[in-house]
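Engineer: Residue strings, one per chain:
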Amino acid sequence: KAGVTQTPRYLIKTRGQQVTLSCSPISGHRSVSWYQQTPGQGLQFLFEYFSETQRNKGNFPGRFSGRQFSNSRSEMNVSTLELGDSALYLCASSPDRAPYNEQFFGPGTRLTVL
Amino acid sequence: TQLLEQSPQFLSIQEGENLTVYCNSSSVFSSLQWYRQEPGEGPVLLVTVVTGGEVKKLKRLTFQFGDARKDSSLHITAAQPGDTGLYLCAAGAGSYQLTFGKGTKLSVIP
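Those protein sequences? They're chains X and Y, same order as listed.
Quick note: the first sequence uses the numbering used here, first residue 1, plus one each step.
Quick note: the second sequence uses the numbering used here, first residue 1001, plus one each step.
It is worth saying that the hints were derived from the structure and are not from the lab.
The structure displayed is predicted, hence computed values, not measured ones.
Hints are not guaranteed to be accurate.
Said to hold, decoys possible - Rough simulated footprint, nothing fancy, chain Y against chain X, three-plus residues with beta-carbon under 8 Å: (1) 40–51; (2) 54–62; (3) 104–111.
To be verified - Quick list of in silico lysine-lysine cross-link-like pairs, BS3-like style, CA-CA up to 27 Å: (4) Y/Lys1102 - Y/Lys1056; (5) X/Lys1 - Y/Lys1057; (6) Y/Lys1059 - Y/Lys1070; (7) Y/Lys1070 - X/Lys57; (8) Y/Lys1102 - Y/Lys1070; (9) Y/Lys1105 - Y/Lys1059; (10) X/Lys57 - X/Lys13; (11) X/Lys1 - Y/Lys1070; (12) Y/Lys1102 - Y/Lys1057; (13) Y/Lys1059 - X/Lys57; (14) Y/Lys1057 - Y/Lys1105.
To be verified - Where chain X lies over chain Y, by a calculated footprint (3+ residues, C-beta under 8 Å): (15) 1041–1049; (16) 1073–1082.
Don't be surprised by glycine CBs; every beta carbon is placed ideally from N, CA and C.
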């Protein structure tokens, strides 16, 4: 099975712009989660989608949003970018019946905000 | 919000040495996961521990879940350069959400 794929791998934006990141989960996985990883804060949960519905959301401002499509692919959007949004954004998928919510991660999108 | 504290933050050792990293919390967990993340990649699941006192072995890696299910440790025997990476512990934080520790960055010097 192919793993989780994320595009693009690298992105450079300027403050005030918006960005859309894409994630394709492992085939058959309907749960997709997004995380932000920074050296200072580590991995922080953004949100989780299942069958096109957001089931849980982390403690991030409304500038961070996401969606999931009927084929389980997911996108996240960050509007009005700030310098502090520079981070590695990781997408993870999980099997429907994963008993402990085990996550399978993609390689991430490295976002740099100038 | 339950916090996972990992120690040490950084560890640099020579090839062949043994090491232990720790993951502690004041909360009780139903399960705990360990991941390893290599530079430029996403974390990869190594193991899930579920039962208090449980010990799991994965080649040279030994994982232990504390009796009270509040802490866990990862012991590596005879470390190799290929073990270099960021080791993360994670636990359930409500429905459909994992909380991660900040990780232990391990460097194994040949």
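Engineer: Identify every previously stated hint that the structure contradicts and give their numbers, smallest first.
Structural biologist: The structure breaks hints 11, 13 and 16; every other hint is satisfied.
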